[in-house]
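There are 2 protein chains.
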Amino acid sequence: MAARRVTGPEIERLIQLLARLPGLGPRSARRAALQLVKKKELLLIPLAEAMATAAAKVTTCRTCGNVDTADPCFVCTDPRRDGSVIVVVEDVADLWALERAGAVDCRYHVLGGTLSALDGVGPDDLAIAGLVARAAGPEVKEIILAVNATVDGQTTAHYVTDQLAGLPLKVSRLAHGVPVGGELDYLDEGTLTAAIRSRQPF
Amino acid sequence: MAARRVTGPEIERLIQLLARLPGLGPRSARRAALQLVKKKELLLIPLAEAMATAAAKVTTCRTCGNVDTADPCFVCTDPRRDGSVIVVVEDVADLWALERAGAVDCRYHVLGGTLSALDGVGPDDLAIAGLVARAAGPEVKEIILAVNATVDGQTTAHYVTDQLAGLPLKVSRLAHGVPVGGELDYLDEGTLTAAIRSRQPF
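Chains as they are written, first to last, in UniProt numbering: chain A, 1 to 202; chain B, 1 to 202.
One thing to keep in mind: the hints can contain errors.
A pair counts as met if it fits within one copy or between any two copies, since identical chains are not told apart.
DMTMM-like cross-link-like pairs, simulated, lysine to aspartate or glutamate; straight-line CA separation at most 20 Å [what the hints assert, rightly or not]:
#, residue 1, residue 2
1, 141, 82
2, 170, 10
3, 170, 105
4, 38, 71
The hints are simulated quantities; they were obtained by calculation from the structure and are not laboratory data. If you're wondering where the values come from, they're calculated on a predicted model, not measured in any experiment.
All chains should be built: construct the whole structure from the sequences, respecting the hints.
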């Protein structure tokens with residue numbers, strides 16, 4: 001059966017754009033659009049304004065690659081943070097995750113992805129040169145590679161380590177092991193082996 | 001651990017508003033917001049504009065309750081539709097679903113919910129008076145009650161039927177039966193009994 005025009009072009013465009021958001025498919029985008037137009041005062045107008053504000057103000061930090069309303073970003077300008085440690089992450093989402101956890105209180109560097117031969121991502125596509133330049137600064141003492149524990153993530157970590165080899169730095173990586181709250185029965189062999197190898201005195 | 005400021009207030013507000021959309025929780029709202037600010041030109045700005053346009057143009061049809069950019073809406077003004085049949089639905093989403101299916105080619109009436117003693121929804125909270133007024137029009141011959149097959153939906157259908165009792169109309173409801181593509185093994189007893197009772201010559 002041919003698709004029929006169910007709503008006006010304005011709502012159809014809203015649905016199409018919403019469907020591009022991660023976590024929303026075509027069906028849930030339609031539900032979201034309907035919710036928006038039904039709650040015009042409460043949801044649609046505030047969200048349109050919040051998006052316009054974000055579009056006008058949000059920028060990428062040229063120092064670390066974080067997304068913020070200021071450049072340099074609030075992490076790079078925070079004087080209470082330990083400037084001697086730089087945590088290297090693949091994506092801004094990873095930076096946000098570490099910040100939410102309050103895991104570290106230092107600076108970050110967002111690579112913008114991982115090296116990937118399959119996807120044609122080479123070293124020049126990532127913010128590696130910028131990292132090496134920052135790492136050469138006199139105050140930097142340690143680089144923590146907080147990349148994902150995937151093949152591409154680990155390849156990238158090795159490449160970054162090679163690039164930093166000439167500098168008088170400690171380069172570390174995240175520990176592998178059992179996730180807090182995790183059950184051994186559900187974990188893969190690689191994680192279990194890593195957890196045994198890196199066992200700690202109790 | 002105390003929650004830390006991970007991003008600026010503009011992005012936090014965007015995340016909070018996105019989390020109110022159906023289908024997006026706090027975590028996926030954060031992912032969506034990040035995607036938006038990363039794809040500013042491609043996604044954030046067009047979506048902000050589409051929402052502003054929708055907010056300015058979208059309205060509710062005073063005749064049938066549909067959501068459209070015109071009042072009366074495109075369904076009510078379409079001259080090719082059969083004006084002798086009105087399909088009564090609970091929600092605009094149901095109208096959209098029937099239109100997508102191309103199931104009917106007539107007019108609609110959106111009740112705006114169902115009668116519900118628990119939620120304190122009475123007849124005056126629904127567009128029932130408007131339906132009775134429309135049904136009294138000389139061209140109307142049939143009312144199809146396309147409400148959900150829930151207890152509240154069926155209660156509402158009975159109430160609406162009572163209100164329409166004085167008018168020279170055919171009042172019908174959707175057929176109960178096995179969903180197309182459905183497997184008997186997974187269906188409840190009520191549906192199976194209804195499907196047997198309403199069996200058709202093969």
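Non-conforming hints, listed in increasing numerical order:
2
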